[in-house]
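Produce the complete structure using the sequences and hints provided.
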Amino acid sequence: MHIGYVVRIIIGTGILIALLGASDGTEIATTNQSPEANLPFLFAAFAVAWLGFIIYAWYLASQHSRLRQEIANMQKQLTDIQDSIEN
Amino acid sequence: MTNQFKYAAIECDNVSKHYISERALDHLDINIKTGERLLVIGPNGSGKSTLINVIGGLIRPTKGIIRIHGVDIHKSSPEHRKTIGILTHRPFLYEDFTGRENLTFFGKLFNVPNVSYRIEEIADLFTIGHLLDRRVSLLSHGNRKRLGMARTIIHDPNVILLDEPDSGLDAHSLDELGQTLGQTLQSKTIVLTSHNVDWALPLVTDVLQLSTRQEALKTSIREYHSLHELRKS
Amino acid sequence: MLLQNRIMLGLILIAMMSALYLIFIMVPTDVNLGVSQRIFYIHVPLAVLSLIPPIIVFITSTLYLVRRSPQWDALAHSSVEVGLLFTTLALVTGSIWARPTWGVWWTWDPVLTTFLILWLVYLGYLLIRSYTVEPDKRARFSAIVGILGSINALAVYLASELWRTIHPDKVIGPAAEENALDPAIQLGILVSFIAILLLFAYTIIFRTRLHSAVNQIGSLRDQIDDLVYRISNK
Amino acid sequence: MKTYLTQVWDISYKDIRLEMRTRQMAVSVLVIVIALMIVTNLAIPKSVDATFTTTATVIWLCILIASFMVVMRNFVIEYDQIGFHGLIMCPVPRDAIYLGKVVSNLIFLLVIESILFPLSSILFDVPLLTPTVTAITGMATIGIVAAGTLFAAISVNTKAREIMLPVLFFPAVIPIVLAAVDATQNALNPSYGAKILEDIGVLAALSLAIIATSAILFNFAVDE
Chain A
12 MHIGYVVRII
22 IGTGILIALL
32 GASDGTEIAT
42 TNQSPEANLP
52 FLFAAFAVAW
62 LGFIIYAWYL
72 ASQHSRLRQE
82 IANMQKQLTD
92 IQDSIEN
Chain B
4 MTNQFKYAAI
14 ECDNVSKHYI
24 SERALDHLDI
34 NIKTGERLLV
44 IGPNGSGKST
54 LINVIGGLIR
64 PTKGIIRIHG
74 VDIHKSSPEH
84 RKTIGILTHR
94 PFLYEDFTGR
104 ENLTFFGKLF
114 NVPNVSYRIE
124 EIADLFTIGH
134 LLDRRVSLLS
144 HGNRKRLGMA
154 RTIIHDPNVI
164 LLDEPDSGLD
174 AHSLDELGQT
184 LGQTLQSKTI
194 VLTSHNVDWA
204 LPLVTDVLQL
214 STRQEALKTS
224 IREYHSLHEL
234 RKS
Chain C
1066 MLLQNRIMLG
1076 LILIAMMSAL
1086 YLIFIMVPTD
1096 VNLGVSQRIF
1106 YIHVPLAVLS
1116 LIPPIIVFIT
1126 STLYLVRRSP
1136 QWDALAHSSV
1146 EVGLLFTTLA
1156 LVTGSIWARP
1166 TWGVWWTWDP
1176 VLTTFLILWL
1186 VYLGYLLIRS
1196 YTVEPDKRAR
1206 FSAIVGILGS
1216 INALAVYLAS
1226 ELWRTIHPDK
1236 VIGPAAEENA
1246 LDPAIQLGIL
1256 VSFIAILLLF
1266 AYTIIFRTRL
1276 HSAVNQIGSL
1286 RDQIDDLVYR
1296 ISNK
Chain D
4 MKTYLTQVWD
14 ISYKDIRLEM
24 RTRQMAVSVL
34 VIVIALMIVT
44 NLAIPKSVDA
54 TFTTTATVIW
64 LCILIASFMV
74 VMRNFVIEYD
84 QIGFHGLIMC
94 PVPRDAIYLG
104 KVVSNLIFLL
114 VIESILFPLS
124 SILFDVPLLT
134 PTVTAITGMA
144 TIGIVAAGTL
154 FAAISVNTKA
164 REIMLPVLFF
174 PAVIPIVLAA
184 VDATQNALNP
194 SYGAKILEDI
204 GVLAALSLAI
214 IATSAILFNF
224 AVDE
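Line by line, the protein sequences give chains A, B, C and D.
Letter by letter, the first sequence follows residues 12 to 98 in the numbering used here.
Letter by letter, the second sequence follows residues 4 to 236 in the numbering used here.
Letter by letter, the third sequence follows residues 1066 to 1299 in the numbering used here.
Letter by letter, the fourth sequence follows residues 4 to 227 in the numbering used here.
In short, the hints are calculated from the structure, not lab data.
Quantities reported herein were computed from a predicted structural model and do not represent experimental measurements.
Some hints here could point you the wrong way.
To be verified - Within a straight-line C-alpha distance of at most 16 Å, the following computed EDC-like cross-link-like pairs (lysine to aspartate or glutamate) qualify: (1) A/K87 x C/D1290; (2) B/K66 x B/E25; (3) D/K162 x C/D1290; (4) B/K111 x B/D159; (5) B/K66 x C/D1247.
Stated by the list, open to error - Ranges between beta-carbon positions, derived for each pair: (6) D/A163 x C/D1291: 44 to 50 Å; (7) C/G1283 x D/P121: 25 to 31 Å; (8) D/P130 x B/D136: 16 to 22 Å; (9) D/L39 x C/D1247: 53 to 59 Å; (10) A/D94 x B/D16: 32 to 38 Å; (11) B/H144 x A/D94: 49 to 55 Å; (12) A/L62 x D/Y7: 38 to 44 Å; (13) C/D1291 x D/I166: 46 to 52 Å; (14) A/D94 x B/I68: 32 to 38 Å; (15) A/S73 x C/S1284: 18 to 24 Å; (16) B/H144 x D/A163: 42 to 48 Å; (17) D/E165 x C/Q1288: 37 to 43 Å; (18) B/P116 x C/I1270: 29 to 35 Å; (19) B/K66 x D/I166: 41 to 47 Å.
Stated by the list, open to error - Some chain C residues close to chain A (C-beta under 7 Å, calculated; not the full set): (20) I1107; (21) P1165; (22) V1169; (23) L1275.
By construction, the Cβ of each residue, glycine as well, lies at the ideal position given by its N, Cα and C atoms.
Next comes the structure, spelled out in structure tokens:
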């Protein structure tokens, strides 16, 4: 992975943790409270997981298309040179 | 010792070394017989230094095998390194040590019997006796080179690889080095690179011309001269 | 290749959707922990799968050092990258689970410590790759870091086992006792595990494909160089 | 076997002589470590019941930092002084080079520790100069140095050598540092008794495992 992405991931994780830390005032449901009280946590967990997958998939896809583009360019270059040899 | 005569001293089998953006060596096949002295010439970037480093085992080739006396150097035991002496543009000396300390250290690791005697002997050869007890960091470039040369042959190797041993040497030291290569190391297999072709040609038996575009061309010294005449006329 | 891709993606989609259905609609809410217990359905598969990359890395790195063939290096690198993603997500989801349950975001429990170290080791692995220029050295160095890193993860776990653990017992993992859980919960965990396992396998395979694309570019460049070389010789 | 050990010793003796000649490393590392010790000592609030824990933690933190600097210097010197490729060219097995480096690093660190321990035993008012603490220190230092030497050989070859070493080295020595802090703490505690021998055994086993693995992997690290 390009180092820039690693840095971005670390910064992103940091921001996330900071945001979660900042929201520390959230009421925490104890056994006696209503079962829905911890809904924000459930939402946060799933949001983080899906975001992680999507960002990584997006990164892979963009790399893939970049590489495919490069391969296509080089193949074109190669056939051009071959043509120029034959002529 | 039998290996020494049964096999070529140095054998490069389809050796390529590609750096990330350039090819230093490309499908190089050469055989260097025992006792042969090969001068490697070519423009900058043609892979002269790379060839020396690859044969010496300091750089692993991208493809191909190098055999010294029939043994693949990247698979041989460390003992096999005793047959090789290598001098690159850096002398491989510890700068905070004196010349004598450096030579003693390397001599010990090469298992040279009677190291202190051998050091005196070599110092005489290169007339560096007066420099032996100075720190390497205080020596001039040329003197470091001479000391590096002494380090290269301290263990009396059969195959000697020299990358521009003449650079930075004055006329007198050049003569001295020429004499050493020509007489003292007469029976050794030597590969050397040099930009100073006039100085180096009389010392060698064969010439390898490397070039960035063309295939490497190995010729005996006589063939080289006749080719040279041909090109001139 | 394209068809396989689509089948794989379709499978992942189906598994994901059924996992979501099970997690949010079918599975009963935990009496003690409330809805936050549902985090487990995503946290546990992530955490369990984070433990697979170290094993792959150890094996492939060793194979690389012995055989020196780049495909092992590619596989090791891919699994470290995916491993980093999974470990990060496991740590974050675990932390979000811990806050309502234990009242803290983080605790120095052996399992958590191991995951954090594993995360650091993965980062170190990726850093050494990006800081080493020559491809051969890069592969060798990262293989060494990979081998030691995966041994280290095990050692960290054993070392921190010396202190008492507060991580819940693995009742929800594959080693669960049979009657410990509601069948709906078991089904939920199983389906979401399969969904995330498919995702895991697919990302690793896709990542190694990027490596082979890079290799293809290399060999195309070689071919072009060869042709140019031939032209200039004429 | 005898020649192998001689080779190992020749290499470490060379490092020691180089250091004796310049004395660059030992002095600077010592200054940094003592400063670090003073800072941490002042920063941590004193409470009677936690003295042993604090002392053990501060000492091992200092040793960790010192070992990081020592192993780095020892390889940077090789590359700056341009001797290392000469060393690789010698008919010496790679693991002998590795062990030679480990021995010289170990000697440097033991010298630093022999100043650090009496000093901290005065500053912290804790009896550190006992045979058990010495044994613990020796065993753990071997393991830390063994891992550090391998990682230094790798990171010295990368673009950002000073950054790469701690990134690789610190996570790798966590198990042994944890074990060392724990054992030191126990050794200071008189009621812990003879169980301390078990701790020393664990440390010795860890160090042995690290040194064996690293010696094998070093062959690949310097294979040009």
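Hints, one by one, checked against the model:
| no. | hint | verdict |
| --- | --- | --- |
| 1 | A/K87 x C/D1290 | 14 Å, holds |
| 2 | B/K66 x B/E25 | 14 Å, holds |
| 3 | D/K162 x C/D1290 | 28 Å, violated |
| 4 | B/K111 x B/D159 | 13 Å, holds |
| 5 | B/K66 x C/D1247 | 61 Å, violated |
| 6 | D/A163 x C/D1291: 44 to 50 Å | 35 Å, violated |
| 7 | C/G1283 x D/P121: 25 to 31 Å | 59 Å, violated |
| 8 | D/P130 x B/D136: 16 to 22 Å | 49 Å, violated |
| 9 | D/L39 x C/D1247: 53 to 59 Å | 55 Å, holds |
| 10 | A/D94 x B/D16: 32 to 38 Å | 35 Å, holds |
| 11 | B/H144 x A/D94: 49 to 55 Å | 52 Å, holds |
| 12 | A/L62 x D/Y7: 38 to 44 Å | 56 Å, violated |
| 13 | C/D1291 x D/I166: 46 to 52 Å | 39 Å, violated |
| 14 | A/D94 x B/I68: 32 to 38 Å | 37 Å, holds |
| 15 | A/S73 x C/S1284: 18 to 24 Å | 23 Å, holds |
| 16 | B/H144 x D/A163: 42 to 48 Å | 30 Å, violated |
| 17 | D/E165 x C/Q1288: 37 to 43 Å | 41 Å, holds |
| 18 | B/P116 x C/I1270: 29 to 35 Å | 60 Å, violated |
| 19 | B/K66 x D/I166: 41 to 47 Å | 33 Å, violated |
| 20 | I1107 | 5 Å, holds |
| 21 | P1165 | 5 Å, holds |
| 22 | V1169 | 10 Å, violated |
| 23 | L1275 | 5 Å, holds |
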